[in-house]
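Residue numbers (the working numbering), protein chains in the order written: chain A, 1 to 105; chain B, 1 to 208.
It is possible that part of the hints are untrue.
[Claimed, not checked] Using C-beta positions, here's what the derived DEER-type ranges look like: (1) A:K81 with B:K183: 35 to 41 Å; (2) B:Q144 with A:F94: 54 to 60 Å; (3) B:Q165 with A:V16: 27 to 33 Å; (4) B:L206 with A:F34: 19 to 25 Å; (5) B:A91 with A:N54: 56 to 62 Å; (6) B:L206 with A:A64: 32 to 38 Å.
[As the list claims (entries may be wrong)] Listed below are the simulated DSSO-like cross-link pairs for lysine-lysine, each with C-alpha atoms no more than 30 Å apart in a straight line: (7) A:K81 with B:K145; (8) A:K27 with B:K207; (9) B:K207 with A:K32; (10) A:K28 with B:K207; (11) A:K79 with B:K207; (12) B:K126 with B:K183; (13) B:K208 with A:K28; (14) B:K173 with B:K207; (15) A:K81 with A:K28; (16) B:K208 with A:K79; (17) A:K81 with B:K147; (18) A:K81 with A:K32; (19) B:K85 with B:K145; (20) A:K27 with B:K126; (21) B:K173 with B:K32; (22) B:K208 with A:K32; (23) A:K32 with B:K183; (24) B:K85 with B:K173.
Calculated from the structure, these hints are not laboratory results.
All C-beta atoms in this analysis are idealised placements derived from N, C-alpha and C, irrespective of residue type, glycine included.
Residue strings, one per chain:
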Amino acid sequence: MSPMYWYILSLIITIVIEFSVIWIFVKKDTSKLFLYTVLINSFTLPLATFSYQNLINNFYLVEALVIFAESILIMLLLKTKYPRALLISFVANFITAMISLLFFI
Amino acid sequence: MRNKLIILFAFVLVFSVFPQAVSADLIIPGTKSVNWCYEISNINDYPDYVFVFNEERVTGHGIINQGDCFGFYKNGLTSVYAIPKAEFNEAELNREFFEENNPILIKSNIQLNAFGSVQENDPLQKAVITLDIESLSKSSFDVQKSKVTYTYTDGTSEEEVFQSQEIMPEPSKTAIMPWWFAKFWYIILPILAIILIGIILLIRRLKK
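Next up, chain A with everything else stripped away, as it sits in the complex (with noise of 0.2 Å):
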């Protein structure tokens, strides 16, 4: 399979399990959630692949970087606390960290 389509199917099953994550915690608005995980999503994972790729090669160091990065958005997004929004961020990117590991590096 192309390169191109796994980082597609990497976005698709990120936003999938981040979404699913973030709902238990809120549990209203699906379809917002949903359009926040989407663009939250779209904005990091990239730029943590780009990362990865060519600037940072410490595959951690990225994810904690995502996780800083997407609570800050959650928090602002979702009108939430910000040590919930971080709990929230923890909890799904590591989640798709343990996927990536396991299937993608």
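Using the hints, position chain B against chain A.
For chain B alone, kept in the frame of chain A given last:
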């Protein structure tokens, strides 16, 4: 004004009918030129000779010293010559000097060409092609391509040895996705996403 329009129309017509006239000297969309050059590794082994390259169309000629990396016009074919140091006068170097019947010129067996371009998102940044002088006498000058050193955008580099003089060894790192997708993935998608997030936050603030 009318004459200018006619000239402009003719210009557009010519270059749309013969697009190769335009593309001959431009970079094709989606590709980038690589910083490339040639070097000769063992010039110091031949202290009695001066080495020069000559590209007839645009670049002209130049003296090659040990450690020099020389390039030339991308569509030009370049020859390498040796000249006995005792007979060399730099002031004489001109277009006529490189004519076939010049008795002091010892033309090498090799003809060099440009490296070419790669896909826009290719990690290749620089290619240095190393030539070795295999033998040199008053009547023959044998030069072989020995290796190419590729440098990538991440700062790493590697050496690939020539297995055949006609085939350039492939760099081990190449673009893993088409340039248009790379542009979409790395630039358009995140910018679009952050703009939409910004708009959502702005609308929310304005509604308050």
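Can the restraint linking B:K85 and B:K173 be considered satisfied, given a maximum Cα separation of 30 Å?
-> Not satisfied, since the Cα-Cα distance of roughly 42 Å exceeds 30 Å.
Is the straight-line distance between the alpha-carbon of B:K208 and that of A:K32 30 Å or less?
-> holds, 19 Å
Distance restraint between A:K28 and B:K207, which requires alpha-carbon spacing of 30 Å or less | holds, 21 Å
Taken at face value, is the distance from the CA of B:K147 to the CA of A:K81 at most 30 Å?
-> The given pair, whose Cα atoms are some 59 Å apart, is violated under the 30 Å limit.
Cβ separation of B:Q165 and A:V16, checked against the hinted range 27 to 33 Å = Once the Cβ atoms are compared, 53 Å apart, the range 27 to 33 Å for A:V16 and B:Q165 is violated.
Kindly confirm whether 32 to 38 Å is satisfied by the beta carbon distance between B:L206 and A:A64.
-> Since the Cβ atoms of B:L206 and A:A64 sit about 34 Å apart, the hinted range of 32 to 38 Å holds.
B:K85 paired with B:K145 [C-alpha distance capped at 30 Å] | holds, 24 Å
Range hint compliance [Cβ, B:L206 to A:F34, 19 to 25 Å] = Taking Cβ atoms as reference, B:L206 and A:F34 lie about 23 Å apart, which means the hint holds.
Quick one, are A:K32 and B:K183 close enough, alpha carbons at most 30 Å?
-> With a Cα-Cα distance of about 28 Å, the restraint between A:K32 and B:K183 holds, given a limit of 30 Å.
Would you check the hint for A:K81 and B:K145, treating anything up to 30 Å between C-alpha atoms as holding?
-> violated, 64 Å
Is it true that the CA of B:K208 sits at most 30 Å from the CA of A:K28?
-> holds, 21 Å
Agreement of B:K173 and B:K32 with the hint, judged by alpha carbon distance not exceeding 30 Å | Roughly 15 Å between the alpha carbons, so the hint for B:K173 and B:K32 holds.
In summary, the structure is inconsistent with hints 3, 5, 7, 14, 17, 20, 24 from the numbered list given earlier, while agreeing with the others.
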